[in-house]
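As given, the protein sequences belong to chains A and B, one line each in that order.
With the working numbering as the guide, the letters of the first sequence map in order to residues 1 to 160.
With the working numbering as the guide, the letters of the second sequence map in order to residues 161 to 947.
Simulated from the structure, these hints should not be mistaken for laboratory data.
Don't take every hint at face value.
Said to hold, decoys possible - Within a straight-line C-alpha distance of at most 25 Å, the following computed DMTMM-like cross-link-like pairs (lysine to aspartate or glutamate) qualify:
{"#": "1", "chain 1": "B", "residue 1": "K606", "chain 2": "B", "residue 2": "D552"}
{"#": "2", "chain 1": "A", "residue 1": "K2", "chain 2": "B", "residue 2": "E848"}
{"#": "3", "chain 1": "B", "residue 1": "K176", "chain 2": "A", "residue 2": "D123"}
{"#": "4", "chain 1": "B", "residue 1": "K213", "chain 2": "B", "residue 2": "E331"}
{"#": "5", "chain 1": "A", "residue 1": "K43", "chain 2": "B", "residue 2": "E544"}
{"#": "6", "chain 1": "B", "residue 1": "K176", "chain 2": "A", "residue 2": "E125"}
{"#": "7", "chain 1": "B", "residue 1": "K512", "chain 2": "B", "residue 2": "D650"}
{"#": "8", "chain 1": "B", "residue 1": "K865", "chain 2": "A", "residue 2": "D128"}
{"#": "9", "chain 1": "B", "residue 1": "K737", "chain 2": "B", "residue 2": "E871"}
{"#": "10", "chain 1": "B", "residue 1": "K187", "chain 2": "A", "residue 2": "D31"}
{"#": "11", "chain 1": "B", "residue 1": "K642", "chain 2": "B", "residue 2": "E723"}
{"#": "12", "chain 1": "A", "residue 1": "K2", "chain 2": "B", "residue 2": "E279"}
{"#": "13", "chain 1": "A", "residue 1": "K2", "chain 2": "B", "residue 2": "E372"}
{"#": "14", "chain 1": "B", "residue 1": "K286", "chain 2": "B", "residue 2": "E319"}
{"#": "15", "chain 1": "B", "residue 1": "K187", "chain 2": "A", "residue 2": "E83"}
{"#": "16", "chain 1": "B", "residue 1": "K280", "chain 2": "A", "residue 2": "D31"}
{"#": "17", "chain 1": "A", "residue 1": "K43", "chain 2": "B", "residue 2": "E848"}
{"#": "18", "chain 1": "B", "residue 1": "K512", "chain 2": "B", "residue 2": "E221"}
{"#": "19", "chain 1": "A", "residue 1": "K118", "chain 2": "B", "residue 2": "D863"}
{"#": "20", "chain 1": "A", "residue 1": "K43", "chain 2": "B", "residue 2": "E319"}
{"#": "21", "chain 1": "A", "residue 1": "K43", "chain 2": "B", "residue 2": "E300"}
{"#": "22", "chain 1": "B", "residue 1": "K930", "chain 2": "B", "residue 2": "E799"}
{"#": "23", "chain 1": "B", "residue 1": "K865", "chain 2": "A", "residue 2": "D123"}
{"#": "24", "chain 1": "B", "residue 1": "K930", "chain 2": "B", "residue 2": "D851"}
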Amino acid sequence: MKPQMITLHINGRTHYVALNPNQTLLVALRDLGYTDVKCGCEKGDCGACAVFLNGVAVNSCLVLAGQADEGEILTAAGLGTSEHPHPLQTAFSDAGAIQCGYCTPGMIVSAKALLDHKPHPTDTEIRDAISGNLCRCTGYAQIIQAVQSAAEKMDAGGEG
Amino acid sequence: MENKNFQVVGQITPRKDGVARVTGQEKYTVDTTLPRMLYGRTVCSPYAHARIKSVDTSAAEAMGAVVLTFKDIPPIRYNERIITVEWALHKDHYILADKVRRMGEPVVAVAAETEELAEKAARAVKVEYEPLPVLIDPREAMKPGAAPLYDTVMYGDKEIKIENNIACTREVIEGDVDKAFAESDVFVEGTFKTHKIYHAQMEPKSVLCRPEPDGGITVWATTQSIHNTRIVLGQIFDIPLSKINVKRMAVGGTFGSSIQMNSVVPIGVALALKARRPVRLTLTREEDMHDHGRFGTDAHIKIGAKKDGTLTGVEMEMIADLGAHIIQGYSFLGVSIGWVVSLYRLPNVRYKGVGVYTNKAPGCAMQGYGNPQATLAVESLLDELAEKLGMDPLELRLKNYVGLGMTFWGQGPMVRSIVWSDGVPELLGKGQELIGWDKRESPDTKSGRFRRGIGLGRGFHTTSAGAPQPGDVIDFSGALVKVNQDGSVDVVTAMVDHGGGTWEAIAKLVAETLCVPLDKVNVVPSDTFSTVYDVCTHATRGTYAGGGAAVKVAEQVKKEIFETAAHYMNVQPDALKLRMDHEQGQAVIYVPSIPDRKMTLKQLASRTWSESWKTIAAVDSYRPTNCPPAYVTIFLEIEVDTWTGTVRTLRTALGVDCGTVVNPDGAIGQLEGGLSRGLGMALYEDNEWNDQGQLLSKGYWVDAKTPGIMETPALQDLNTHFADTYEPTGPLGAKGIGEAALNPVPAAYANAIYNAIGIRFYELPITPEKILGALMEQENMVKEGVH
């Protein structure tokens with residue numbers, strides 16, 4: 001197996017990397033230092049590794065890095081900064097929606113994927129959107145509240 | 161004593177580590193890397209029980225991998241959990257297997273330049289096994305002639321023989337059960353079974369170890385106790401503790417799974433010491449599922465009562481499925497009866513617990529540590545008793561529960577204290593009202609496809625394992641608190657936060673005590689070098705014991721602030737007071753009777769610094785002398801679909817008496833999270849093994865049935881509430897929540913299902929298959945006219 005050169009545009013930065021064809025996008029991202037992309041199961045069960053690939057939320061453990069060649073990748077860390085967090089990030093932090101925080105980046109990616117298409121989601125739509133993300137700590141209620149609250153704030157502020 | 165005019169405690173504030181967690185900047189062990197780091201992998205047994213005949217590592221070595229086999233490790237048997245004192249500690253575990261006793265047991269370990277090369281090298285290792293009979297059922301394992309998992313294990317420093325795979329037994333006798341039963345009017349009894357389920361913590365367990373030039377090691381590890389990890393590593397590798405530094409990390413949830421030094425930790429350390437390079441080793445999800453689980457239990461329990469509902473005594477026999485290693489089986493046997501007798505006044509007790517080895521994942525602490533299992537049995541039997549006596553189950557509970565002024569010994573026979581705060585009547589009353597308990601109808605009034613039921617589970621967890629005397633459990637914490645030159649405060653603690661907000665609680669308690677605004681109090685990163693001992697974040701003790709230590713030390717700092725400020729202000733120290741000044745963002749030291757005599761903490765600390773005087777700081781240990789019960793009541797309304805056997809949660813009233821509520825939003829999260837995990841335990845989760853010791857989930861998380869978001873009840877029907885109490889032995893009146901939030905949940909489901917369909921289940925999980933099977937049986941009995 002020979003490494004292949006691929007190009008990944010991650011959170012606005014371009015990386016040229018040589019990777020084996022069997023390397024997953026998850027491992028590639030984490031090796032490049034994007035450890036906000038969490039490794040939970042590497043089987044597509046938990047959603048902790050969710051990222052945007054060309055605008056679509058995917059489990060990065062189920063995508064080969066080669067499939068993402070020339071792709072635009074957006075991770076939770078790329079959504080906002082400590083000074084200017086994304087409204088979803090603020091809402092998760094304020095609504096008690098984080099405990100251990102390990103599922104949080106993936107949750108926020110799934111939630112943003114929902115709000116991108118449905119700025120006023122119903123409770124059922126929120127549950128559908130998050131159903132691929134596992135959280136063992138919170139029991140999910142405060143996560144639903146956080147998404148609702150972010151949707152309201154984004155609507156009022158015209159953000160996102 | 162009691163002061164509820166708090167400025168910080170009890171306020172909803174943005175979590176200090178929130179921004180780091182939502183933006184993905186928080187670093188967990190698995191995210192940590194070092195220059196020139198090697199990647200570790202283990203060669204895991206494909207058999208659940210086997211002798212290792214030969215190991216050939218030449219192909220792996222030819223690839224350039226560093227290889228570790230049984231011959232390379234220190235020949236020391238250890239117990240990875242040293243919360244239990246040495247004299248009560250069984251040790252049966254080597255770093256790598258001398259013999260395989262469970263699926264996935266590490267036999268050989270390798271380290272290589274890349275993860276891929278490490279995987280290739282691990283696959284190139286040839287191990288020849290001689291498979292042995294696999295024992296999955298503890299009752300089979302106990303039979304004479306069953307294949308022994310062990311010949312001997314260490315107990316303290318003695319080697320003891322293991323017979324019939326019985327690792328340990330524990331008996332407790334109090335009062336006279338025979339006499340009590342002879343004087344009883346009515347009895348309830350049942351055999352309750354619970355299974356080994358998987359912790360399903362989100363973060364995979366990991367370790368990173370760097371060998372140091374002086375022969376020491378620095379260790380980043382997924383753990384609930386940095387000091388205990390250090391002590392066990394020191395014992396195994398014979399390195400002075402002064403050369404072992406274990407870093408306190410953010411932890412991606414544990415639910416008990418990292419109460420011990422995890423199995424990967426000494427393997428990673430041994431690889432790093434052999435390679436003389438940093439090594440990181442992380443379990444895959446499948447390896448993790450084989451690594452630990454909840455203790456399975458099989459308990460027969462009989463309770464006697466008088467006609468008026470007064471309980472007289474309890475007889476209990478329990479078999480605990482320990483799995484392949486004994487991590488904390490002896491303590492588990494002790495607490496299992498402790499939970500029972502601390503739920504209700506049962507003055508006469510006869511108990512025997514037996515811990516049995518099987519070829520499955522080792523049992524370790526999992527939220528509640530035997531308490532949900534015990535509470536399922538007791539709360540189910542209390543409902544049965546209430547029905548027999550024609551009493552309201554609520555009234556029966558109020559009559560018998562262990563409450564204010566009574567002796568409480570949840571954490572085993574040697575950990576006893578008095579109950580000083582008791583919100584049970586308030587919790588029951590509020591839950592009764594919220595759920596509409598008084599409109600609850602009996603099961604025989606219900607028919608049709610969808611049948612609704614209301615159920616109650618009442619429980620508690622000990623807050624810490626503190627007691628007036630030392631016992632078989634170590635329990636104390638410590639803290640260092642120092643005032644910085646700008647009036648801000650560093651809190652240095654070894655206490656780990658699993659995610660529940662323990663650090664946030666500690667920061668709030670210190671801010672409140674020193675009247676420093678919360679944004680200027682920081683629980684700083686720490687390690688074993690910079691902290692005094694803390695036993696472990698377990699036993700619902702984070703806020704109570706860790707926070708207790710921080711408040712004790714903060715009080716000492718406060719005294720020093722006054723003594724130091726008194727010099728500058730030319731007043732008596734006792735005349736000084738502290739208040740929080742939000743405008744200045746400072747603590748202000750003042751004299752109430754002389755309005756202009758005041759200075760900010762910043763002014764004080766800045767002067768003690770610039771005048772080369774001192775740092776205002778203190779460090780101390782704190783041993784709780786009590787283990788107050790955090791009481792929880794769970795009222796549920798559920799709906800059983802009698803066509804599919806599925807159970808839907810319609811409404812809840814989740815109540816906790818945690819004393820002073822320190823983090824209200826966090827406390828609600830604890831209750832809701834407890835409901836979710838308890839629901840999983842009650843209805844779905846079962847990490848099942850086949851008769852060859854293979855996991856049926858094959859390492860797939862969804863097949864282990866961890867609850868997802870769809871199981872969460874509608875938000876408007878998910879009620880939570882707090883009792884208005886103040887724990888006099890706790891920091892600013894606080895107790896814990898953690899485990900208490902889950903403990904009564906499975907019982908509440910069992911009771912609600914009974915109320916819906918009139919069928920009582922004695923074995924978890926209560927799956928749709930079991931419900932449908934029981935409904936069919938019920939129908940057949942009706943057809944055949946059996947009553």
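Structure-based check of each hint:
no., hint, in the structure
1, B:K606 x B:D552, "holds, 19 Å"
2, A:K2 x B:E848, "violated, 41 Å"
3, B:K176 x A:D123, "violated, 28 Å"
4, B:K213 x B:E331, "violated, 39 Å"
5, A:K43 x B:E544, "violated, 44 Å"
6, B:K176 x A:E125, "violated, 30 Å"
7, B:K512 x B:D650, "violated, 48 Å"
8, B:K865 x A:D128, "holds, 17 Å"
9, B:K737 x B:E871, "violated, 51 Å"
10, B:K187 x A:D31, "holds, 14 Å"
11, B:K642 x B:E723, "holds, 15 Å"
12, A:K2 x B:E279, "holds, 17 Å"
13, A:K2 x B:E372, "violated, 36 Å"
14, B:K286 x B:E319, "violated, 32 Å"
15, B:K187 x A:E83, "holds, 19 Å"
16, B:K280 x A:D31, "holds, 19 Å"
17, A:K43 x B:E848, "holds, 19 Å"
18, B:K512 x B:E221, "violated, 51 Å"
19, A:K118 x B:D863, "violated, 31 Å"
20, A:K43 x B:E319, "violated, 43 Å"
21, A:K43 x B:E300, "violated, 35 Å"
22, B:K930 x B:E799, "holds, 16 Å"
23, B:K865 x A:D123, "holds, 23 Å"
24, B:K930 x B:D851, "holds, 21 Å"
Violated hints, listed in ascending order, are 2, 3, 4, 5, 6, 7, 9, 13, 14, 18, 19, 20 and 21; each of the other numbered hints is respected by the structure.
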